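Trainee: Numbering-wise, the working numbering puts 41 at position 41 of the sequence shown, and it's gapless, one number per residue.
Simulated from the structure, these hints should not be mistaken for lab results.
Computed from a predicted model, the values in this text were never measured in an experiment.
From the three backbone atoms N, C-alpha and C, an ideal C-beta is built for every residue, glycine too.
Only true hints are included.
Now the in silico label distances, taken between C-beta atoms and shown as ranges:
| # | residue 1 | residue 2 | range |
| --- | --- | --- | --- |
| 1 | 144 | 92 | 23 to 31 Å |
| 2 | 50 | 3 | 18 to 26 Å |
| 3 | 95 | 14 | 51 to 59 Å |
| 4 | 143 | 49 | 26 to 34 Å |
| 5 | 91 | 69 | 49 to 57 Å |
| 6 | 69 | 159 | 52 to 60 Å |
| 7 | 91 | 70 | 49 to 57 Å |
| 8 | 154 | 53 | 45 to 53 Å |
| 9 | 143 | 85 | 19 to 27 Å |
| 10 | 94 | 34 | 34 to 42 Å |
| 11 | 143 | 94 | 23 to 31 Å |
| 12 | 104 | 135 | 21 to 29 Å |
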Amino acid sequence: MRDYAFPKIGRMPVDSIDQPEVLMCLSPIWTEKHETAKRLSQRIKTVLDVAKSKGFRSGENPVTAIREGKVLPTVKANVQHHDAMPWQEVPAFYAESQTRLAMAAKALQFTILTACRTSEVLEMKWPEVDVDAHLWTIPAERMKGGQVHLVPFTDEILAILEPLRALASDYVLEGQIRSCRN
Numbered sequence: 001m002r003d004y005a006f007p008k009i010g011r012m013p014v015d016s017i018d019q020p021e022v023l024m025c026l027s028p029i030w031t032e033k034h035e036t037a038k039r040l041s042q043r044i045k046t047v048l049d050v051a052k053s054k055g056f057r058s059g060e061n062p063v064t065a066i067r068e069g070k071v072l073p074t075v076k077a078n079v080q081h082h083d084a085m086p087w088q089e090v091p092a093f094y095a096e097s098q099t100r101l102a103m104a105a106k107a108l109q110f111t112i113l114t115a116c117r118t119s120e121v122l123e124m125k126w127p128e129v130d131v132d133a134h135l136w137t138i139p140a141e142r143m144k145g146g147q148v149h150l151v152p153f154t155d156e157i158l159a160i161l162e163p164l165r166a167l168a169s170d171y172v173l174e175g176q177i178r179s180c181r182n
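Work the whole structure out from these sequences, hints included.
Mentor: Pasting the structure below:
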């Protein structure tokens with residue numbers, strides 16, 4: 001907002017900001033800094049939605065009209081995948097992670113031991129966990145393939161889980177879900 005919106009529309013009355021003004025902010029960076037432009041778009045939309053809810057403007061949000069009208073060009077994002085750690089290094093890495101007390105280290109250990117996706121681990125809730133049966137049931141809606149997935153627990157996995165039960169949180173790895181969505 002500071003770099004791309006305020007210099008162009010920061011002093012304008014909120015009810016006079018329309019599609020041309022929003023495009024004036026987004027167009028120069030839409031293809032070169034696409035992720036930044038998308039975030040800027042979201043933030044401008046939020047500001048204008050709040051202004052409307054408080055009675056400072058009326059009508060459709062210009063950001064919505066720009067999106068729905070596909071006014072800006074489609075940008076194909078180049079996905080940057082990270083190389084996998086060589087399997088020979090995993091035991092030493094895992095052992096080093098055990099010296100750390102942070103919840104992120106526990107989440108990483110759990111991810112390594114279960115071979116599940118990071119999002120599946122970070123969004124794991126206690127009702128999915130059956131400690132007595134040594135089983136984690138991941139609901140279909142959280143699985144990429146859309147099918148329920150069962151993950152058996154080893155004693156080492158249970159050792160990670162046991163102290164976390166005392167936190168009495170909805171999420172098993174409390175604190176990680178918020179940081180992964182921000």
